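A.B. asks: Each chain is listed here by its residues.
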Amino acid sequence: MSPFEFEFFRNGSIVAVLIGGLCGLIGVYVVLRGMSYIGHGLSHAIFGGAVVSYVMQWNFYIGAGAWGFLAALLINQTVRRTKIGADAAIGVITTASFAIGIALISRYRKFTRNFDAALFGNILGVTPDDVIVIAAMTLVVFLLILVMYKQLLFTTFDREVAQVYGVRTEWIETLFALALAATLIASMQVLGVTLIAAALVVPAITARLLTDNFNRMVALSVGIGAFSGFAGMLISFYADVASGASIVLLQASLFTLAISIAAIRKRTERLMHTHI
Amino acid sequence: MHPLIELRNVAFTYDLGRNSVPILQHVDLHLHAGQFAAVVGPSGAGKTTLLKLVLGMLHPTGGVITTDPTRIPILGEKIRPLRMGYIPQLETVDWNFPVTVEQVVLMGRTRQYSLWPWHSKQDYAMLAQVLTEMEIAHLAKRHIRELSGGQQQRVFLARALIAEPDLLVLDEPTSGVDMRTAQNVLHVLADLNKRGMTILMTTHDLNLAAAHVPWIVCLNKRVIAQGKPEAVFTTENLNQTYQSDMLVIRQDGMLIIQQKPHGHTYHDLVPNPVLGH
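From first to last, the protein sequence lines stand for chains A and B. Quick note, the first sequence lines up with residues 1 to 276 if you use my numbering. Quick note, the second sequence lines up with residues 1001 to 1277 if you use my numbering.
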């Protein structure tokens, strides 16, 4: 029996491919800026925002999105204006935000909504409305990255010098924080807070191992993310394991494969140089 | 003739709360179009800070920096801010970043904003031109880490040139490369200057500066002296700049500058030197 006969699986697969590709795209910039931990941190911050949105009866996407965006901006500003490093700033701001969520959950025990889905992901609970919202968010983030592609590359490579060459780096970083928050919000329901960091980082570092060309790294990372989203869903169906976990495990396997390819390539190059 | 850029009584202090550190004080400096100047001074003299003030990356805490108010627009274009081409110290570059030579050079065209993620035909035509000019066209698809120090310096020069700058600013272009590469870099700069490019650079290499750069600025938190190398490189100016015993030797029309080694005299170094004044 084909899993695609089930609507929940079809919805889940579409979303897994979109989220995989989206995380692959954003992950390139996250990894190259040396902020791999931000995905892990911000997804926790957004969890706090999701609980606050629920308590205040705000729309989840808007409330949690704004919360995540502000947390990302706060991290950027803290790093730029104080002596605190990015890792410490992410640690303080996002954990405090996560703690707000936990505090609210423990205070209002009458919650009927199960936040397990936000923590561990529930791809099978994706509704057709969710598919439309996530597809729209993916499209907007892709377009945003495309229109600031050159500026974002320069800012990521060397922020200070980019400013001299006329790049408005403050704007670029703010827009990127928005794109990052949107990506995490879209991914939260599918992958859960605990697995987002891997989906954001692993395709990008896998692609980095395979190429030294920025454009190719972006294309590879998006491809690896989308492919592992689709294949991970199939594995989850046939092996009967949680979909988020199977996607991330598949990505980790691809990363291991890429490490081996990179090692073989290096060895071959060394041998060729020795013979010459 | 108005200078391209002018610093009047400029001061800069890093604000570190109670421990504010003055980096530059009373700096008066002007650079005319077509000039080629090198700022020399010991580590911590404020050379890089001075460049960052010129580039607009830092703002002076005292005094003013002005750019030429009389520049005439070319072919009816609007008066635009001074365009800078900046070549940072090679040590500050992230050599593991996944970019090829052409991707780095094309960053210089980012100012020409378009909605498309790819570069225009004109950008690629200019890319081909600057890569050829810098003699690195054959390296276009290579990763920047794979190049020699001199080639890497040329990549960042090409990125600056493709931006069509009014002023080229280089931070220590001769550091971290061997003597021959450093000479080559200065030949390239001298050649660019001959074709009208205004250049401001910092360097630790006094002998190279004396041989290749027509205007020298001795800096140690303030301008100690500025002018042609033969006028500026005197033991008095250099002792004041470096707070150390410096030796200036003039031989065969060349200036040779050395720090006096402790426990030796200059007679041990060079027989019958002709001392500078």
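Some hints could be false.
Not everything, but these chain A residues come out facing chain B in the computed CB check (under 8 Å) [to be verified]:
hint, residue
1, Asn11
2, Leu144
3, Tyr149
4, Lys150
5, Phe154
6, Glu160
7, Tyr165
8, Gly166
9, Val167
10, Ile205
11, Leu209
12, Thr211
13, Asp212
14, Asn213
15, Phe214
Simulated DEER-style distance windows between Cβ atoms [what the hints assert, rightly or not]:
hint, chain 1, residue 1, chain 2, residue 2, range
16, A, Ala99, B, Val1021, 55 to 65 Å
17, B, Asp1252, A, Ala263, 49 to 59 Å
18, A, Ala263, B, His1204, 31 to 41 Å
19, A, Ile259, B, Gln1243, 44 to 54 Å
20, A, Arg265, B, Asp1245, 51 to 61 Å
21, B, His1059, A, Ala135, 37 to 47 Å
Treat the hints as calculated values from the structure; they're not laboratory data. Just so it is clear, the structure is predicted and the values come from calculations on it, not from any experiment. For each residue, glycine too, the CB sits at the ideal point set by N, CA and C.
A.B. asks: Run every hint past the structure and note whether it holds.
C.D. replies: So, going through the hints one by one against the coordinates:
About 30 Å separates the beta-carbon of A:Asn11 from the nearest beta-carbon of chain B, more than 8 Å, and the hint is not met. For A:Leu144, the shortest C-beta to C-beta distance to chain B is roughly 11 Å, which exceeds 8 Å, and the interface hint is violated. The closest approach between the C-beta of A:Tyr149 and any C-beta of chain B is roughly 4 Å, which is under the 8 Å cut-off, so the hint is satisfied. With a least beta-carbon distance of about 5 Å to chain B, the hint placing A:Lys150 at the interface is held under the 8 Å criterion.
Evaluation of the A:Phe154 hint against chain B yields a held restraint, the C-beta minimum of about 5 Å falling below 8 Å. Proximity of A:Glu160 to chain B holds as hinted, the smallest CB-CB distance being about 6 Å (cut-off 8 Å). Here the hint on A:Tyr165 is kept, as its CB sits about 6 Å from the closest CB of chain B, short of 8 Å. The interface hint given for A:Gly166 is met, as the beta carbon of that residue sits about 4 Å from the closest beta carbon of chain B, less than 8 Å.
The restraint placing A:Val167 at the interface with chain B holds, with a minimum CB-CB distance near 5 Å, inside the 8 Å limit. At a threshold of 8 Å, the smallest CB-CB gap from A:Ile205 to chain B is about 11 Å, leaving the interface hint violated. Interface restraint check: A:Leu209 against chain B, minimum CB-CB distance 10 Å, threshold 8 Å, status violated. Hint on A:Thr211 holds. Least Cβ distance to chain B is approximately 6 Å, under the 8 Å limit.
Interface hint status for A:Asp212: upheld, as the beta-carbon distance to the closest one in chain B is roughly 4 Å, under 8 Å. Look at A:Asn213: its Cβ gets to within about 6 Å of chain B, closer than 8 Å, so that hint holds up. Taken as an interface hint, A:Phe214 checks out: its beta carbon lies about 5 Å from the nearest beta carbon of chain B, inside 8 Å. Between A:Ala99 and B:Val1021 the C-beta distance comes to about 38 Å, which lies outside the given range of 55 to 65 Å.
In this structure, B:Asp1252 and A:Ala263 meet the distance hint of 49 to 59 Å, their C-beta atoms being roughly 56 Å apart. The supplied range of 31 to 41 Å is met by A:Ala263 and B:His1204, whose beta-carbon atoms lie about 40 Å from each other. At roughly 52 Å, the beta carbons of A:Ile259 and B:Gln1243 sit within the given window of 44 to 54 Å. Checked against the hint of 51 to 61 Å, the pair A:Arg265 and B:Asp1245 passes, with Cβ atoms roughly 54 Å apart.
Taken as a hint, the range 37 to 47 Å holds for the pair B:His1059 and A:Ala135, whose Cβ atoms sit roughly 45 Å apart.
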